[in-house]
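From first to last, the protein sequence lines stand for chains L and C. Heads up: the first sequence begins at 1 in this note's numbering, then just goes up one per residue. Heads up: the second sequence begins at 423 in this note's numbering, then just goes up one per residue.
None of these hints come from the bench; they were simulated from the model. As the structure is a computational prediction, the values presented were derived from the model and not from experiment. We treat Cβ as the ideally placed atom computed from N, Cα and C, and that holds for glycine.
If you anchor each label on the Cβ, the simulated ranges turn out as follows: (1) L:H23 - C:V465: 55 to 65 Å; (2) C:D435 - L:R17: 51 to 61 Å; (3) C:G443 - L:L146: 31 to 41 Å.
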Amino acid sequence: MGRTARMRGYSVWSLLREGVGGHRGWRPAWRDAAPKAAYDAVIIGGGGHGLATAYYLAKEHGMTNVAVLEKGWLGGGNAARNTTIVRSNYLNDESAAIYDHAMRLWRGLGRELNFNIMMSHRGVLNLAHDDGEMRQLKRRVEANRLNGVDAEWLDAHEVKEFCPPIHIGRDVRYPVLGATLQRSGGVNRHDAVVWGYARAACALGVDIVQHCEVTGIDVRGGVVQGVRTTRGDIKTSKVASVVAGHTSVIADMVGLRLPIESHPLQALVSEPVKPIMPCVVMSNAVHAYCSQSDKGELVIGAGIDPHISYTQRGGFHIIEDEIAALLELFPIFSRMKLMRHWAGTVDVCPDASPIISKTPVKGFYVNGGWGTGGWKATPGSGHVFADLVANDEPNAIAEPYALTRFATGKLVAEHGAAAVAH
Amino acid sequence: MLLVPCPNCGERDQSEFHYGGEAHRTRPTAPETLSDDEWADYVFMRTNTKGVFAERWCHTAGCRKWFNALRDTGSDAFLAVYRMGEEPPRLGGEEKEEAPADEAFA
Chain L
1 MGRTARMRGY SVWSLLREGV GGHRGWRPAW RDAAPKAAYD AVIIGGGGHG LATAYYLAKE
61 HGMTNVAVLE KGWLGGGNAA RNTTIVRSNY LNDESAAIYD HAMRLWRGLG RELNFNIMMS
121 HRGVLNLAHD DGEMRQLKRR VEANRLNGVD AEWLDAHEVK EFCPPIHIGR DVRYPVLGAT
181 LQRSGGVNRH DAVVWGYARA ACALGVDIVQ HCEVTGIDVR GGVVQGVRTT RGDIKTSKVA
241 SVVAGHTSVI ADMVGLRLPI ESHPLQALVS EPVKPIMPCV VMSNAVHAYC SQSDKGELVI
301 GAGIDPHISY TQRGGFHIIE DEIAALLELF PIFSRMKLMR HWAGTVDVCP DASPIISKTP
361 VKGFYVNGGW GTGGWKATPG SGHVFADLVA NDEPNAIAEP YALTRFATGK LVAEHGAAAV
421 AH
Chain C
423 MLLVPCPNCG ERDQSEFHYG GEAHRTRPTA PETLSDDEWA DYVFMRTNTK GVFAERWCHT
483 AGCRKWFNAL RDTGSDAFLA VYRMGEEPPR LGGEEKEEAP ADEAFA
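Next comes chain L alone, as it looks inside the complex:
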């Protein structure tokens, strides 16, 4: 199998050349590989975090004999199902460290990957609807600033100025009293991030194997020997699980119990309209969040369904609540039609923080438990996880996210502090 055709750069010139040439010269962005018999490391899960892990393993640690195994198609799981919101305004120091690490990588990612990820730093508002919430959010602004995360407080009128379609009248049960603003926050394009990472990882020699489901992990004497898949057995001494909703299922293959529960998380988009939402708006109290995609659709999300499920389906009553919340903030949207609705399976941790960790099984690493907030962390998560997989030791950013925190009690408690209820 030929190692890496050199990546052909995308540029305005390549666009012009292909435009003139009838677009017959484009090549596949990445190689759809068949699995080899052995690798130095196997990454389970071809979503954003898995591909980012593969890319940074190859780029920063020189590990190129690596496979990414994806049971479906590339980026067809939660990478395709999230609402693409990017921010780093978390309360705790540990969280600010990893999410802002991701934010710094997002800034230059399009250029680094030579792929337009349509990163738009349009600003994220987190609304306050009562005095208690206002105090809490102002505290978070100060905590963010101490950690070098850009954050500011807006009163209701400044919120209206920043986001004209919002309703700030006092005639609703939970009026808007103010908001935090992270100007560097925003949205990007989920497919582009996945394809960009896949293309760049592939160019460095990583094998991306689709339709290859891991069915078992071979462990002998507490040490990983390889994985069994629907496309044959693969020998490897390092297995890195980055599978989001199915993290518990993979961990169970090595007899590991995790503090994770998998829930449906639903999202929906409206019909496309002309630009009306200039930023991202999130509300914890009435619980909805909304932005507008470049296609013009309002992208709307809220909380998880309460029950455990792997079905990627949720209940309509959740959608009803979500839309009720949205219309309290934006009565102007009341006659819009909704176009598509879907759900993903999110792996929720009890402290609403991820697990990036070694495990008692040597050579088995877990990156999961991102719950409802994984997208924003994609580059940072992949970056620190690659470091852990390559060196077998977590770096300073990943260290607080060890699995052992549930026994020591040193949780990274972001529930309620993370600016939106999970």
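Following the hints, complete the assembly by docking chain C onto the known chain L.
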């Protein structure tokens, strides 16, 4: 929305229920003897099964009673319901959807 088979009231919309999560987690009887790892296992670790899963529900807006259910988390099909304190019923060789507590409202 799930149709939850309440053993007392029959099938009702999920919005009438409160979800109680994994069933059969019993509080340690000698808590002072537990190690940190054992506490972590009780407090935080979850089975999170993909497949037949034993869970608790409370019919908050109906009979207000707690009960257990076996549900396939891969398909959301309810397979059985049974009382709090009871062991989960053994399902037949083939998993098939059983009508809950038939005799109660046949």
